[in-house]
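Colleague: Following the numbering used here, the numbering of the sequence shown begins with 1 at its first residue and continues without gaps.
What the hints contain is simulated information worked out from the structure, not anything from laboratory work.
Please read these numbers as outputs of a predicted model, since none were measured by experiment.
Among the hints, erroneous ones may be present.
As the list claims (entries may be wrong) - Per label pair, the in silico range of CB-to-CB distance:
id : residue 1 : residue 2 : range
1  : P68       : E102      : 13 to 23 Å
2  : L36       : Y70       : 27 to 37 Å
3  : E83       : T103      : 21 to 31 Å
4  : E2        : P72       : 17 to 27 Å
5  : K54       : E2        : 22 to 32 Å
6  : V12       : G98       : 31 to 41 Å
7  : E35       : A104      : 14 to 24 Å
8  : C107      : G57       : 36 to 46 Å
Using N, Cα and C, we set each Cβ at its ideal position, and we do this for glycine too.
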Amino acid sequence: MEVVLHPYESIVLLHVAVFEGYDALPQYIAGAEFELKGEWIVSTSEAEHYPRFKEWGRLADLTNMSRPEYLPRFTGTFRYETEFEWDESANQALLDLGEVYETAQVCACSLVFFGNNTIRA
């Protein structure tokens, strides 16, 4: 079998004898979808200052920050942060990050509980 990767794609291969203790989630999970909506705080950090971020501004929707009306010449790391209300009775969730080009790190900043929560990506 041949694996072909396109630019910015990656694959993780696990080669172990036993997968005991590892839960594999199916690609599609039946159930309700929950979209994170609300104001996003966007912060930036240039390489020499990482991981210290400065707030750049706020957006109603996540967008490509390389667009001409935002920061097309910026080189560094973006951080997006929002708060959300969790009122689902599910004991697990799948977070779809969409297209990620370099790296992604997600912090739920605490355990996700019923009520107000913060997510940082």
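Colleague: So, for every hint listed, does it hold in this structure?
Modeller: Hints versus structure:
1. The supplied range of 13 to 23 Å is met by P68 and E102, whose beta-carbon atoms lie about 20 Å from each other.
2. Range check, L36 to Y70: about 20 Å between beta-carbon atoms, so the 27 to 37 Å window is missed.
3. Taken as a hint, the range 21 to 31 Å holds for the pair E83 and T103, whose Cβ atoms sit roughly 23 Å apart.
4. At about 36 Å, the beta-carbon gap between E2 and P72 misses the expected band of 17 to 27 Å.
5. Taking the beta carbon of each, K54 and E2 are about 45 Å apart, not inside 22 to 32 Å as hinted.
6. Restraint check, V12 to G98: a C-beta distance of roughly 18 Å breaks the suggested window 31 to 41 Å.
7. E35 and A104 have their C-beta atoms about 18 Å apart, which keeps the hinted 14 to 24 Å range intact.
8. For C107 and G57, the Cβ-Cβ distance of about 20 Å falls outside the hinted range of 36 to 46 Å, so the restraint is violated.
Checked against the numbered hints above, the structure violates hints 2, 4, 5, 6 and 8; every other hint is satisfied.
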